[in-house]
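Residue 529 in the numbering used here sits at position 135 of the sequence shown, with consecutive numbering throughout.
You may find that some hints are simply not true.
Said to hold, decoys possible - Per label pair, the in silico range of CB-to-CB distance:
#, residue 1, residue 2, range
1, Leu597, Ala471, 20 to 26 Å
2, Thr443, Thr605, 29 to 35 Å
3, Ile561, Arg464, 44 to 50 Å
4, Pro482, Lys445, 15 to 21 Å
5, Pro569, Val435, 44 to 50 Å
6, Val481, Trp538, 30 to 36 Å
7, Ser455, Val617, 53 to 59 Å
8, Val612, Phe495, 40 to 46 Å
9, Glu489, Leu597, 42 to 48 Å
These are computed hints drawn from the structure, not numbers from a lab.
Glycine included, every Cβ here is placed at the ideal spot set by N, Cα and C.
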Amino acid sequence: MTGAGSLLWCGIMLLPSTASAQGGSVTLEATVDSTPVGATVMVLDPERTAKISVTVRNDTSTVQRVKTVRISGSALALTFFAYDTTVPFDVPAGESETRTFPLEPADLGAQATGLLPVAVEVIDPQRNVIASIDATGDIRGSLWSVYGAFGLGVLVLTALSWLSALIALARRRLPANRWQRAMRFLPAGVGTGLIAVFSLSVLRLVAPSPTAEIPFLVGAAAVALLLGYVTPHPGEHHLSEMDTVRIPKP
395 MTGAGSLLWC GIMLLPSTAS AQGGSVTLEA TVDSTPVGAT VMVLDPERTA KISVTVRNDT
455 STVQRVKTVR ISGSALALTF FAYDTTVPFD VPAGESETRT FPLEPADLGA QATGLLPVAV
515 EVIDPQRNVI ASIDATGDIR GSLWSVYGAF GLGVLVLTAL SWLSALIALA RRRLPANRWQ
575 RAMRFLPAGV GTGLIAVFSL SVLRLVAPSP TAEIPFLVGA AAVALLLGYV TPHPGEHHLS
635 EMDTVRIPKP
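With these hints in hand, go ahead and build the complete structure from the sequences.
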C-alpha cells in the first residue's frame, strides 16, 4: 500500500547534563536572553536576535577545549534545525569559563514551528560533544516550514491509508485472514498517532518526546488493528428482507 513504509518509519530533561572525562565531569549551563535553559520553555523567534550565554565547568584533570556551540531541535528522531556557532575557548582543569554570543536564527521560520525538544551542546575540535543541556523550545516559525510540511505529508499519507483500507472493505477485497486484515489497517493507525503528536506540538501543547509519542502511537495502532481484526470476512454476505432473489422458472 502506498505510503505504508513511510508511516511506519516515521522527557524533557531539566537538569544540566555532564560528560565524564578521566574521572571527573564537565558541566554545561546556558541561558537564552538571560533565561536559564531547561528551567522554562526556550523561545526562539526568527525575527529576533537571541543572546546566548554558556558556562562550562571543568571538574576533570585535563584542559577542555571548546570549539563550537550547537543549538539544535529534533522530533521523531529527525533533526529539523541546527545552528553551529564557532566560539573557541579553553577551560582549565577545576575552573569554569563563560562565553556570550548573539544568535540570529533568520531562517528558522522556514525550518520548524511549535514546541520541539532542543539541545544546547558544546563541541570540541574533534566534533565530540563535551557536555549538553536538553530543554523544550518554543519555535516561532511558520506552518509551511520543513516541520510543518512533514506533518502535512503525514496527514496526506494517513488519509490515503484510511481511504485505501476502507475502499477495500467496501468492495470486499480485504484478506480472508483476520490478522492480515488487521495489518492492512495498521499503517493508518500509526499515521493517526503521528498526526496527534504533530498537532499537539504545533498547537504548543506538548512537545514530542518518547513519553508523549509512545501512548499516542501505540494507542492509535492498537485501535486500527482492532478495527481491521473485527471487519467482516470478505466472503460473508447475509440476505436482508430487502434483498431480491430471482427464482428460475421450472
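### Query
Do the Cβ positions of valine 612 and phenylalanine 495 conform to the proposed distance bound of 40 to 46 Å?
At 42 Å between Cβs, range holds.
### Query
Using the C-beta atoms of glutamate 489 and leucine 597, is the stated range 42 to 48 Å upheld?
holds (44 Å)
### Outcome for the supplied range 53 to 59 Å, where the beta carbon pair is serine 455 and valine 617
holds (55 Å)
### Task
Take a look at whether the Cβ-Cβ distance between isoleucine 561 and arginine 464 falls inside 44 to 50 Å.
Given a distance of about 47 Å, which is inside 44 to 50 Å, the answer is holds.
### proline 569 paired with valine 435, Cβ distance criterion 44 to 50 Å
About 47 Å separates the Cβ atoms of proline 569 and valine 435, which means 44 to 50 Å holds.
### Task
For leucine 597 and alanine 471, compare the CB-CB distance with the range 20 to 26 Å and indicate the outcome.
For leucine 597 and alanine 471 the Cβ distance comes to about 21 Å; the hint holds.
### Query
When you take the CB atoms of threonine 443 and threonine 605, is the distance between them in 29 to 35 Å?
holds (33 Å)
### Task
Just tell me: holds or violated, for the beta carbon distance of valine 481 and tryptophan 538 against 30 to 36 Å?
At roughly 32 Å between Cβ atoms, tryptophan 538 and valine 481 fall inside 30 to 36 Å, so the hint holds.
### Query
Is it true that proline 482 and lysine 445 lie within 15 to 21 Å of each other by Cβ?
Holds: the Cβ-Cβ distance is about 19 Å, inside 15 to 21 Å.
Comparing the model with each earlier hint shows no violations; every hint is respected.
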